[in-house]
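Trainee: For reference, the chains in residue letters:
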Amino acid sequence: MLDRKMKKITKILIIVSSLAMITAFLTPIWMIDLEAPQYPEGLGMQIWINKITGDLNTINGLNHYIGMKTIEPDSIKELSIMPYILGALMVFGVLTGIAGKKKILGIFVIIFIITGIAGGVDFYMWEYDYGHDLDPTAAIVVPGMSYQPPLIGSKQLLNFVAHSYPDTGGWIVIGAGILAVLLYVYEIKFNKQSAVKESVK
Amino acid sequence: MFQINKTDFQLKEKTNMKFNVKNFSKQVVSQIASSSILPPITAGLILAITFSVILLAGCGKKDGSTTLNMSEDAANKVYVPPGEYDEYYSFISGGFSGQMAVYGLPSGRLFRVIPVFSVDPEKGWGYTEETKPMLMTSHGFIPWDDSHHSELSMTDGVPNGKWIFINGNNTPRLARIDLKTFRTVEILEIPNSAGNHSSPFTTENSEYVVCGTRFSIPMKELDVPIDSYREKFNGTVSFVKVNPESGSMNVEFQIMTPPFDYDLSHAGKGPSHDWFFFSCYNTEEAYTLLEVNASQKDKDFIMAVNWKKAEQYLKEGKAKDVAAEYYHNVYDDSKHSATSEVLKTVKMLDPKDCPDMIYYIPCPKSPHGADVDPSGEYIVGGGKLATVIPVFSFSKMIKAIEEKQFDGDVAGIPVIKYEAALHGEVQKPGLGPLHTEFDDKGFAYTSMFVSSEVVKWNVKTLEVVDRAASFYSVGHIMIPGGDTKKPYGKYLVVMNKITKDRFLPTGPELTQSAQLYDISGEKMKLLLDFPTIGEPHYAQACPADLIMKNSLKIFKLEDNKHPDMIKSVNDARVERRGNEVHVYVGMVRSHFTPDNIEGIKVGDKVFFHVTNMEQDWDIPHGFAVKGNNTAEMLIMPGETQTITWEPKVATVYPFYCTDFCSALHQEMQGYIRVQPANSSGEIKFSLGVKK
Numbered sequence: 062m063l064d065r066k067m068k069k070i071t072k073i074l075i076i077v078s079s080l081a082m083i084t085a086f087l088t089p090i091w092m093i094d095l096e097a098p099q100y101p102e103g104l105g106m107q108i109w110i111n112k113i114t115g116d117l118n119t120i121n122g123l124n125h126y127i128g129m130k131t132i133e134p135d136s137i138k139e140l141s142i143m144p145y146i147l148g149a150l151m152v153f154g155v156l157t158g159i160a161g162k163k164k165i166l167g168i169f170v171i172i173f174i175i176t177g178i179a180g181g182v183d184f185y186m187w188e189y190d191y192g193h194d195l196d197p198t199a200a201i202v203v204p205g206m207s208y209q210p211p212l213i214g215s216k217q218l219l220n221f222v223a224h225s226y227p228d229t230g231g232w233i234v235i236g237a238g239i240l241a242v243l244l245y246v247y248e249i250k251f252n253k254q255s256a257v258k259e260s261v262k
Numbered sequence: 102m103f104q105i106n107k108t109d110f111q112l113k114e115k116t117n118m119k120f121n122v123k124n125f126s127k128q129v130v131s132q133i134a135s136s137s138i139l140p141p142i143t144a145g146l147i148l149a150i151t152f153s154v155i156l157l158a159g160c161g162k163k164d165g166s167t168t169l170n171m172s173e174d175a176a177n178k179v180y181v182p183p184g185e186y187d188e189y190y191s192f193i194s195g196g197f198s199g200q201m202a203v204y205g206l207p208s209g210r211l212f213r214v215i216p217v218f219s220v221d222p223e224k225g226w227g228y229t230e231e232t233k234p235m236l237m238t239s240h241g242f243i244p245w246d247d248s249h250h251s252e253l254s255m256t257d258g259v260p261n262g263k264w265i266f267i268n269g270n271n272t273p274r275l276a277r278i279d280l281k282t283f284r285t286v287e288i289l290e291i292p293n294s295a296g297n298h299s300s301p302f303t304t305e306n307s308e309y310v311v312c313g314t315r316f317s318i319p320m321k322e323l324d325v326p327i328d329s330y331r332e333k334f335n336g337t338v339s340f341v342k343v344n345p346e347s348g349s350m351n352v353e354f355q356i357m358t359p360p361f362d363y364d365l366s367h368a369g370k371g372p373s374h375d376w377f378f379f380s381c382y383n384t385e386e387a388y389t390l391l392e393v394n395a396s397q398k399d400k401d402f403i404m405a406v407n408w409k410k411a412e413q414y415l416k417e418g419k420a421k422d423v424a425a426e427y428y429h430n431v432y433d434d435s436k437h438s439a440t441s442e443v444l445k446t447v448k449m450l451d452p453k454d455c456p457d458m459i460y461y462i463p464c465p466k467s468p469h470g471a472d473v474d475p476s477g478e479y480i481v482g483g484g485k486l487a488t489v490i491p492v493f494s495f496s497k498m499i500k501a502i503e504e505k506q507f508d509g510d511v512a513g514i515p516v517i518k519y520e521a522a523l524h525g526e527v528q529k530p531g532l533g534p535l536h537t538e539f540d541d542k543g544f545a546y547t548s549m550f551v552s553s554e555v556v557k558w559n560v561k562t563l564e565v566v567d568r569a570a571s572f573y574s575v576g577h578i579m580i581p582g583g584d585t586k587k588p589y590g591k592y593l594v595v596m597n598k599i600t601k602d603r604f605l606p607t608g609p610e611l612t613q614s615a616q617l618y619d620i621s622g623e624k625m626k627l628l629l630d631f632p633t634i635g636e637p638h639y640a641q642a643c644p645a646d647l648i649m650k651n652s653l654k655i656f657k658l659e660d661n662k663h664p665d666m667i668k669s670v671n672d673a674r675v676e677r678r679g680n681e682v683h684v685y686v687g688m689v690r691s692h693f694t695p696d697n698i699e700g701i702k703v704g705d706k707v708f709f710h711v712t713n714m715e716q717d718w719d720i721p722h723g724f725a726v727k728g729n730n731t732a733e734m735l736i737m738p739g740e741t742q743t744i745t746w747e748p749k750v751a752t753v754y755p756f757y758c759t760d761f762c763s764a765l766h767q768e769m770q771g772y773i774r775v776q777p778a779n780s781s782g783e784i785k786f787s788l789g790v791k792k
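Those protein sequences? They're chains Z and D, same order as listed. Note that this note's numbering has the first sequence beginning at 62, numbered continuously upward. Note that this note's numbering has the second sequence beginning at 102, numbered continuously upward.
Bound conformation, chain Z alone (with noise of 0.2 Å):
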């Protein structure tokens, strides 16, 4: 007989995990962070769930070099998308919990999975739009050249190096994913076993 139910450990986890990606509302989830030889105090911007923050004013003048459209954060319809999304997901991680069913808590991880994979796209497509939408009158143009910074990781862009990670918000965000992740499996293999088992008895 299969066990439908979640351990309590699992249950915890997921409430706790849940509850901990409040974080993505505290703190930044994203950064770009620029390194050029005549910014040594450093130059960047972070993403939070609501707004942008950091250097903007100085990276959109430096952006109008090479023709790049300016970063206005109340242009940006996620900025005002994200939170509903993100407040959706950690209602249904905390009801999943309390649920305790495995079925729920596998719906719960697609519905995750599914989220950062559309999140990602877009980020990837915001980044792409920017990076490769260049006004064609600008000062600088190097044929062939796009500035699209690297959804993930570091990438030089003329005498800028690019860092593109998760910040605080979005460590925990994707901490609790991966979390939900190992718990489902946990659920469907271990704890399946371990019913078999007590079954046999």
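The hints are simulated quantities; they were obtained by calculation from the structure and are not laboratory data. Do not take every clue at face value.
Unchecked claim - Which residues of chain D face chain Z? A partial, calculated answer using Cβ under 7 Å: (1) Gln716; (2) Asp717; (3) Leu765.
What the hints assert, rightly or not - Now the in silico label distances, taken between C-beta atoms and shown as ranges: (4) Z:Thr114 / D:Ser787: 33 to 39 Å; (5) D:Leu605 / Z:Val203: 42 to 48 Å; (6) D:Glu442 / Z:Ile83: 52 to 58 Å; (7) D:Lys727 / Z:Pro204: 36 to 42 Å; (8) D:Gly622 / Z:Pro101: 34 to 40 Å; (9) D:Ser787 / Z:Gln99: 15 to 21 Å; (10) D:Ala176 / Z:Pro101: 24 to 30 Å; (11) D:Leu605 / Z:Tyr226: 51 to 57 Å; (12) D:Ala570 / Z:Thr114: 55 to 61 Å; (13) Z:Gln99 / D:Ser496: 55 to 61 Å; (14) D:Leu605 / Z:Gln99: 28 to 34 Å; (15) D:Leu605 / Z:Pro204: 46 to 52 Å; (16) Z:Phe86 / D:Asp174: 55 to 61 Å; (17) D:Ala176 / Z:Phe86: 52 to 58 Å.
Unchecked claim - Here are the simulated BS3-like cross-link-like pairs (lysine-lysine), alpha carbons at most 25 Å apart as the crow flies: (18) D:Lys321 / D:Lys421; (19) Z:Lys130 / D:Lys668; (20) D:Lys657 / Z:Lys112; (21) D:Lys668 / D:Lys657; (22) D:Lys178 / D:Lys626; (23) D:Lys333 / D:Lys421; (24) Z:Lys112 / D:Lys421; (25) D:Lys342 / D:Lys445; (26) D:Lys409 / D:Lys333.
For clarity, every value in this text was computed on a predicted model and none was experimentally measured. Every residue, glycine too, gets a C-beta built ideally from N, C-alpha and C.
Since the structure of chain Z is provided, determine the placement of chain D on it from the hints.
Mentor: For chain D alone, kept in the frame of chain Z given last:
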């Protein structure tokens, strides 16, 4: 990187070897030996000379190698690797340049010349509408002064890193520089004064900054014969109160003094906190040929002023309101503009009405320095023509006052008996003792102008323990914190009056110079000569941490309260108001908004109100127009400055950014069309042509 430098150094050593006299003479010998043309006698003579050169070179080599080792050691001590910071900020007065210069120690590298009393066209200081009021005085606009001494603001007798004060000697003024911006933010003219020399020394919490008259002048009646000096002339010492929060300065009170020349001063510390000590010479009251006539008396004075007592008399209403006219100029960092206020009265205390406020202590031969040791107990007089250095004891001075051990009085001011206040004399210190600073180990260092050396002596035992030559004729000296309660006894900076052969010559006008000595050990060691601006008179230094952490990077555009600033380039415009044309310009890399302006006419006065819209560190923009009779402006991020221009010929004038701001700096330019006075051209302005 470091290894490369080392290799460089080794290379240099090798190169030096080539020029070794011994090698050179060997070559000469071999050349002569191979020559058959020279008569044998001449050859023998040359051989003999060469031989002696070899001998000398042999002797010299020992010294040479010692020098090399010493300079290697010294080089390590003053070497600040690229990208690293100096240990101390030092602020050396710019003398007759009227400015103040900021150097790093121990490297001696110049970081900034802060314009204070003199115009600085490089920075627009004194040329922009915003800074012109800073140089206003009761004599009108003055583009220059002679700045002598610097003094850091203090809390509990040690620098607090907020401000630095500097005096204007010629047209008596006192300036305050804000160490967040390294800019002059306040200049106060001192009334009833001439030759503001014994300034700007401060009390332990910068309650007061003092000013004293090097020249006595007529004050009550102004148009008097010079030979009425003794009857009609007076000196003053002024106590300028400093607001501990804002730094704002006001002449709280002045003290009328006999017509002596008040030279230098220092505040008491610890037990002597309530007192201020001024050296004075020309107690002979000479008004001509002072070099002879003011050098006749065996002793002049150190004037001890109990400023707490003076405050009390001020409260009691003992001060008289004296009519005066003097300027108070303040620069506001949020409005990015200075304003001048004309003050009409000053409070004057007369020692006759104020017993126990002032005493004279006899001090040998025309004293210069009046310097107080870190404990506040010892006061050192630098009698520049004296053969001893007198050291007075504060506690003995107080005892002498209590026991009334006086030698008569001068104009009602009691003269304390020399021996009663004397701790002792440093015997045979050298010639021409001028000024004394202190270390943290109980030693004093006195500059000797005439014998061109610094003498180190023990403050308690008065024994001379070391002396080091200066090159040449040292004036003032400075140990970081050396006039405060807490000296950092690691380095000594001497400021010389004569440079002669120390640097590559530059015609008859040679560089000014300072020298750095290591005083951490028993013996003073010369580490470095470095050039300075103007004539360096006095300096201050403090650990870099105290100041660098507060240094402002940019002015925030959102905090800019300049009435002619523009918040956005959309507000850039040109407005005609009669004959005045006001141009509101925005600057951002790498263009001006607007950059094409038409409709200006000959006879117009154009005001360029230029705002640097940048909010990025170290991106100033400059602004200059062809043929402008003023200067350029250098505008920091978030700042607004204004310059005027009165074009005389109808044509098109270019303007451009003078500070290399970006890869497209050379493109940061514009044109202004000026039309004849009677033309009907309307004001037009634009940026970028719509295709």
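Trainee: Looking back at the hints listed earlier, which ones does the structure fail to meet?
Mentor: Those not satisfied are hints 9, 24 and 26.
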